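*Asks:* One-letter residues, chain by chain:
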Amino acid sequence: MKTTMKLMATSCLTLTASMAFADGHMANEMTIVSWGGAYSASQQAAYHDPYMEKTGVNIINDESSAEAVAKLRAMNEAGNVTWDVVDVVASDAIRLCDEGLAMEIDADEQLADGDDGSKASDDFGDLLVSDCFIPQIVYSTTVGYRTDMVGGTAPTEICSLFDTEMYPGKRSLEKRPINNMEWALICDGVAKDDVYDVLETEEGQAQAFAKLDTIKDDVIWWSAGADTPQLLADGEVVMGSTYNGRLFSLIEEQKQPVAMLWDAQVFDLDGWIIPTGLSPEREARALDYVKFATDTERLADQAKYISYGPARKSSAPLVGKHASLGIEMAPHMPTDPENAKNTFLYNYEWWADYRDDLDAKFQAWLSQ
Amino acid sequence: MAEQMLAADGRPLKASLNRALRRQKLRALALIAPLFFFILISFVMPIADMLFRSVENEIVENTLPRTVDTLQDWDAASGEAPSEEVFSALYTDMALAVEYKSHTRLGSRLNYETTGISSLFRKSGRRVGRFDTDVYTKAFEAADPAYADPVKWSEWMADDSIRGALPRTASAYDGWAEMIVNAEGDDPLEEQPWDFVYTALYEDATAGGTLPIAADLSGVERVSIRAQFEDIDENWTDPDVWRTIKTYSPTYTNGYFLNSVDLMKGAEGIEARPENERIYIILFIRTMIMSLSIMGMCVLLGYPIAWLLANLPDRTANMLMILVLLPFWTSLLVRTSAWKVLLQQQGVINDTLVWIGIVSDGNRLELINNQTGTIIAMTHILLPFMILPLYSVMKTIPPSYLRAAKSLGATNWTAFWRVYFPQSVPGIGAGCILVFILAIGYYITPELVGGTKGVFISNRIAYHISSSLNWGLAAALGTILLAIVLLLYWVYDKIVGIDNVKLGG
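First to last, the sequence lines map onto chains A and B. 1 is the number of the first residue of the first sequence in full-length UniProt numbering; add one for each residue after it. 1 is the number of the first residue of the second sequence in full-length UniProt numbering; add one for each residue after it.
Calculated from the structure, these hints are not laboratory results. From a predicted model like this one, the values you see are computed outputs, not experimental measurements. Mixed in with the good hints there might be a few duds.
Derived lysine to any residue pairs resembling SDA-like cross-links, with alpha carbons at most 20 Å apart [stated by the list, open to error]:
#, chain 1, residue 1, chain 2, residue 2
1, B, Lys340, A, Ser223
2, B, Lys101, A, Glu283
3, A, Lys71, B, Pro46
4, A, Lys71, B, Thr372
5, A, Lys216, B, Gln228
6, B, Lys101, A, Asn76
7, B, Lys453, A, Leu366
8, A, Lys304, A, Ala78
9, B, Lys453, A, Asp218
10, B, Lys101, A, Met75
11, B, Lys340, A, Asp234
12, B, Lys340, B, Glu277
13, A, Lys216, B, Glu277
14, B, Lys123, A, Tyr348
15, B, Lys138, B, Gln228
16, B, Lys340, A, Asp115
17, B, Lys340, A, Ala233
18, A, Lys216, B, Arg127
19, A, Lys216, B, Glu366
20, B, Lys101, A, Tyr51
21, B, Lys101, B, Arg127
22, A, Lys216, B, Met45
23, A, Lys71, B, Lys340
24, B, Lys123, A, Asp197
25, B, Lys101, A, Asp234
26, B, Lys453, A, Arg176
Here are some of the chain B residues that sit facing chain A, going by a computed Cβ distance under 8 Å [what the hints assert, rightly or not]:
#, residue
27, Ser102
28, Gly116
29, Arg122
30, Asn276
31, Ile279
32, Ile282
33, Gln344
34, Arg364
35, Asn369
36, Asn370
37, Ser392
38, Thr396
39, Pro399
40, Ser400
Backbone N, C-alpha and C fix where the C-beta goes; we use that ideal spot for every residue, glycine too.
Could you build all of it, start to finish, from the sequences and the hints given here?
*Replies:* Structure, rendered in C-alpha cells:
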C-alpha cells in the first residue's frame, strides 16, 4: 500500500513538474504552420531565422497547411488551438474568416508600413481579399510543357491544352473545377472579363464541361502540387498545370527539358492568418511575428529562395538574385510586367459561392 | 421437489455460489474498466458525436431566431418574398449575428443548399450596420431625451406591461443587451441601444403599441427594411433564398442524408437531384464492387502463399514470412508511389513490355489512374491482412489429414477440396472481413492512383471534412457507410456464421 502511495505521489509530482515545464517552454515558442518543402524552406530563411535571432522566440514548423481549415475547426471546437500563425491560400482564408476561425486584421493598424512610406492597405492594395488575410506571396497556376515532346512548334498560349491534334499526349490538370472551368471557357471563345458571368449560368457551365469533354480521355488529374512536375519529368504528360514556383525549380534547378507558358495564368495569393481563440500573449506575439514577416524587406527576401512574387508593391524593386543559383529572380516572378501581360484574375468572392455547387457537378462529371 | 442443497455455512448453495461468482465478475469488470472507459471516451463518444452532426442543424435557429419565428406564416409556395415584418426580424437578427460574427458561418452552411447565400450573407453583414434606420433613433431622441438614456431603457424593459405592449422592442432589446455583455464586454446600462432597437420600437408604435413616453412620430418617414436589404443584393427578394432558410430552420434535418443519396428538398418535397449532380450512389456502388474485387484478388493471391508458408520447413517459412511483413514496415505513401513508378505509361512494366515486344510503343497499357491501378495497389497493400489469418488457420490443419485422404484413394484435388479447403474456410472468412472493411474506408491510395473512376466514397468524405467543411454531409455519408458495413456483417453472419471465423488456432 505504502509503495503504491509513493508511486502515485511521484507520478503526480512528475506530471505537475512536466506541465509546469511545458508551460514555461510554451512561453517562448510559437508554432507556425505552412506547406513544407521548398516553400517552408524559403520562409525559414527569409522570416523565421531573422525573427528568432531578433526576438529569441523559438519557432516550430508544422507542415499541415493542406489540412489547415479542417484542423483549425477541430481545434477551435475542442477549445485548444495549438497553432499561432497559419499559412493558407486566400480562398481558405476567406473560408476561415467566414467560419470565425481566423482573426480580423486591421492592415494599417497592425501591419508594417511600406518602406516607401505607403500605408499597408495601399501597399497590399487589392490583395487584401479578406478581413482576416495577410497576403504574403503572389503565385500563378500555369502550364508547363516538355520541350522535346511538342514537335516543331512550342505552345505559346493556354489553349494548347485543348489542342490534342497539334499536341497529342496526356496533359495533367488539377482535380477540381477551379481554373479548369475558366480555361475551358476562355478557350471556347468567351472573353476573359465575361468568364464568371457565363459560368454563373447553367448553359455556361455546360459549355465549360463540353469543352473539357474534348480532352477528358487525355487528362491525368492531379491533387498534389508535386504531381505535375513529376509527370513532366517522367515524360508521362506532354503538358500540365501547376504552380509557377514548381516549374521554376523543375526548369532552373533540375534542368529538365521543360518550359512554361505565361498566358492566362491564374493569379492567386498565399498568406497568413492568425487563429481566433489564442491567449492575449500568444495573439500579441503572433501579430508581432506577422508584422515583421510581411514588411517590405522580408517579403522581398523570400524571393531569393523561391520564384513567388512579393505581395507588397514596395517589395518589387528590392527583388534580387536567387540565393544559390545566382540568377536574377525578377523575370521569374508572376508579378513581372513581362509575365503579367495576359493574366487571369481569380474571383474569390465568386468561387466562395459556387465552389460547393460546381465541385459536386465537377465530381459527377469526372465519374461519368 | 428436491431438497435445497446447503453450503458448509448453512446457507443455500446456490446463493453462496452466486455471491462468490458476483465478486469474481466485479473483479473482472474492474480489470477491464480502464480499457472500457478509454474506448468509450476516445473512440465511441467522438464517433457518436461525429455521426450526430449528420442530423444536427441548430445554426439557423440560433443565428436567426426572430426571422425563423416570423417565417412560420410565410407560404414558401407563394412564389413571393416574405413580408416587411420578416425583413425587420432579419434586420435585428443580422445586426446581432454580425457582432457575434456568426452570419458568415450561417452563410456557408446555407450555401451548401443554395448557391450564392454565402456572399449574400457576407455582403449583408458589412452593410447592415449602415441602414438608414438612424432616422428613427434621431426621431425618438428628439421627441424625448429619455429615449437616449440607457438606464431608462433598462427600467422600461424590466417592466412587464411595457414589454407586453412592445413585443418587438423587448425582443430586440434583450438580444442587444445580451450581445453588449457577451460580445462587446460592455454594460448595457452605459450604452445607448442601437438603431435596430429603435426600429423595433417604431414598428411597435405604429402597430398600436403604447410607448412608455408619448412621442410624436408623424414627421418620420417609414424606412422600408425590405428595400434596404434589396439595395444590398436583390437576391433577398428571391423566394428560393427564403425557402432554403425556412426549409433548414428546424433544429434537426434529414437534408444531409438526402444529399448523400442524391436527393434534395425541392419546392414540392423530396425530389431527385439533377442528373449532372448525382454522384454519391455511383460512388457507393463503386466502392462496394471494388472492395469486393480487391477482397477476391487477395484470396486468390493470398491462399497459395499462406499454404506455402504453412507447409514449408520452418526456416524457409520464416524467411517468406518476413517478405510478407516487409510492406507493413514501409510507409503507405512510399508503397503507393512505388506503384506509380511501376505502372505508369512510361513506367517499368510498360517499358519492359515494349522492350519484349508484347505491346507497341504507341499502345502502352493504361495501368494507373483508373480502377485497375486502385485494385492493383490496394490488393498489394491489403494482402498481408489476408495471408496472416489464413496462415494461422492453416498452421493448425494437421498434414496427416491430407495423407490419410490420399491413402484412402482420393486424388490430389479431391483431398484438397474435400478435406483441406473446408478446414481453411474460417481463415478465409476472417481475412475477407478484415480486407473488405479496411478497403471500404481507404482513400489515400485511391486518390493517388485511382484517377477519376478508381476513387471511393471515402475520398468524398475526406473532401467534405477537410476542404469544403461540410461536416454534416461527411457525417451522413460516413453513417451510411457504417450502416452498409454492419448490414453486410449481418448478412455474412446469416450465411457463413460468425463463429466460423478464426484469426488463428
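*Asks:* Checking against the hints above, which ones are violated?
*Replies:* Structure breaks hints 4, 5, 8, 12, 16, 18, 20, 22, 23, 25, 34, 36, 37, 38, 39 and 40.
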